[in-house]
Amino acid sequence: MTALLIIFLTALAVLFVGLKNRSWLQPIALLGTLLALGATGYDLLGPGFGWGGEYASMFRFMPFAYAFSGVAILATALIIGLSGWGFRNLNSTLGDHYGLILFSLCGALIMFSYTNLTMLFLGIEILSIPLYVLAGSRRDDPAGNEAALKYFLMGAFATGILLFGMTLVYGSTASFDLASISRAIGNGDHMPGMLKVGILLMIMGLSFKVSAVPFHFWAPDVYQGSPNLITAFMATVVKTAGFAAFYRLFSIAFPGAEGFWSIPVAMIAALTMTVANVTAIFQTDFKRMMAYSSISHAGYLLLAVLAIGTAGADQALLFYTLTYSLATICAFGAYIAVAEQRGNGSFSAFNGLSKKQPLLAAVLTLSMLSLAGIPPLAGFFGKYFLFTAAFAKYPWLIVLAVINSAVSIYYYFKIIIAMYFVRSQAEDDSSNVAGEMNNDTLTIPVGVRWAVLIGLLLIALLTLAPGIVYGLI
Amino acid sequence: MSLIFILIPFIASAILLLLRPGGSRSIALLAALANLAVTAWCLGCDYSQGMNCTFSVPWVASAGISFSLGMDGITLIMLVLTNLLAPLIIVSSWGRNYDNEPRYYGLLLLMLGALNGVFLAQDGLLFYVFYELALIPIYFICAIWGGQDRIRVTLKFFIYTFVGSLFMLVALLWVYLQTDVNGLHSFAWADLVAVQMSTYSAHWVLLGFFLAFAVKMPLFPFHTWQPDTYVTAPTGGTMLLSGIMLKMGTYGVIRWMIPLAPEAMHVLNPIFISLAVFGILYASIIAVKQSDIKRLVAYSSIAHVGLIAAGILAWNKAGLQGGILQMLNHGINVVGLFFIIDLLERRLGTRSLADMGGIAKSAPKFAALFMIIVLGAVAVPLTNGFPGEFLLLNGVWNYNFWLGALAGLTIIFGAIYMLRAYGLVVFGETRPETANFEDVNSREFLVLGIIAGLVIVLGFFPQSILGLTDGSVDRILRAVQI
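If you read the protein sequences in the order shown, they are chains W and U. Following this note's numbering, the numbering of the first sequence begins with 1 at its first residue and continues without gaps. Following this note's numbering, the numbering of the second sequence begins with 1001 at its first residue and continues without gaps.
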């Protein structure tokens, strides 16, 4: 609650400051998010401000909401840390960028805490509308425009389906309140057809939002076309928000109907992992690969929804979204520094990086290993917790997930191979043409260095002591 | 105490990887020797009462995962193997001036720490974590400093072994979910072993573990990654892979696979042992035909480890004792052989047997040391290979007469291919390229001398090792009956 206010006020402040003095924007945005993070931490770990349940009929901040808010705010703070470099070419619109990112974060916070379907809808819209704008913020770039248009059309379409689903659920349970819906459904013995269709439509709408197969086809184009940092935001904060909302809805409102919705969700999960991982193998562009990687992680994360009712499912979801977000942001941080300096977004941009910038290479290696779920990195524990939670109910799905995570090694390692074992163009040139100057200057911008180091440090912390997050809520 | 085995290499590795100091090879050697000293100290502990030198802190308390280490006689021998070979591997890498040395030695030490962790782990998930952690440094060592076609070969190796161990993870998870300690699940070894399973579920658990370990050792037909990887890897990497890393698989069978799912062993064990014995014959026959000496030793390693696996799977005292002894001896011999191959390759620029010959004249010391190590590998009586292989064959024999007889062919085949290789390298006509073969220098003499000394000493006094494991083997055989 306090965090929500702080972020909202920071967003407003940023909009006005942006008119006058652009150099203050990043510090203010960073300060605001850090304050919000502190407030969330105080609520979650300390005595708290005590007004999380003030608007309990609409949204209520409980440990679940605080913990996920922490993940989203932390991710945003790291992205803002990267933005000094990532947004360096923006002039008059810089303030708008920070403002829109922070407004979008407000939407995410509402999606963590809603107790009413209307707030779910509002949260999703508050999250999405700023992103439609941000995705197309490079107005002269055709790919950016395509991304924005695709994102907007698909997003609007998905929201429409979600809304339709809500209407049908309301029609059959006579309430928007999650707890009342759950009471109306009871143990799911006598569900009217309208309710079933409503739940199915909501699954579809949310699957669009979290980019689960077969509702994922917008994601690669949008991820590739959007500005790099916005893609990082979509892959982390938006995904976390989408899954927390998904989990909340099904664990509070629809647990009684599990026998009905678990089969379609399991099918979607199986499809999502498999299709995304197999497609990712054939990518040569880093952002497209990350898009398919994020889709495949959506498949794993759906296991948490399927595990509803098992102790530790929410913990697993929290841990997974946190480690996934940290690794993704670190990877994007390194990518932004490399790709924008070398003017090349494909895997070959990373050739020979280990010689040129060992730090960036190490950061990227550890993020890739973490995303692939290789022990003992934090990502492994994320997968481990998720798989354990869902194992009792869906052993076949876990076997599939395990095979899929083995497949994913192949494409994550392509980056590592490029960095360590392939020589860069400049190295080849300088060794072929004697005496020619090696003009491949690659530096690490200060903001990027700090953001990825902090991200890396947090990954290391979660690797050594997963218990500090697992067991928090 | 047991934590030190992991801490020293990890800290030294972090220093080397992050600070990149000069003199990295001395730092690495120092860390490895410190570990060896700790191992020597641990030889004096009492292991008759089960686990000793235990260390346990909760890691993820709410999920029943703890960072718990401990050692008994079996672990102790594995630690001796690891920490005895590590300094030798480090010193034998000195002759090659790798670029970016701090990284090379840092990764080597990381590997050392992870291997020690595998052998010490008393918690299922911790075991799995170390088991996989060992894969990362060896992947980089092979892929950065390896030979031709290294990227494809090492990626195949990585994915192959990783997929194998994922099946182990699934099996481990299944057992974990059956445990119940005050309402919580637990990964502690004792709790996992206490789970009673139906034969049907035990099948799957056993198969999951078997896949992981069979790929790692490797057993036929999961061995296809091995020859290429051994040949491509730099010598230090090959030594780590063949000397120590494959023992993770055989050790895993003793400590985890059979104790966790003995219920299905009577059904699946005939298949497992038959695969192991078939692998012995298969690899031996291929080894006889090899012209590349490194590839020859790689195949001989499949044959030897097949025998170790068959002996362990027989699950009787002779087989287990022989298996543990032979793990140590095979590690020593194979490191010696790969070092000799490295010397040959560095001096002659080739590994092809056809291009060698007549070295005995110009390098008598080299030829003598080579001979001793070859005799150890062939398991001639009074060398270290003999008591191990004898006990192993005895164990397999007790399980099934015919399998034992077939497995016994390994000694004959071993003599054929090893002595053929030795003859082609050392004797025969001296060629212009081999005429000036430089004899071993003092550093090389030291490494080979230590290995040759161990071959003879352990051949004369196998009881010094067998006595250490005797009590622990009895305990585990009593606790787990198949």
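A few of these clues could be false.
[Unchecked claim] To be clear about the criterion: a stretch of chain U counts as covered by chain W if any three or more of its residues have a C-beta under 8 Å from a C-beta of chain W, and this derived list gives those stretches: (1) 1141 to 1154; (2) 1171 to 1185; (3) 1307 to 1317.
None of these hints come from the bench; they were simulated from the model. For clarity, every value in this text was computed on a predicted model and none was experimentally measured. Just so you know, even glycine gets a beta-carbon here, dropped at the ideal spot from N, CA and C.
Hint by hint, here is what the structure shows:
no.: 1; hint: 1141 to 1154; in the structure: holds (count 4)
no.: 2; hint: 1171 to 1185; in the structure: holds (count 4)
no.: 3; hint: 1307 to 1317; in the structure: violated (count 0)
Hint compliance for this structure: hint 3 is the single one not met.
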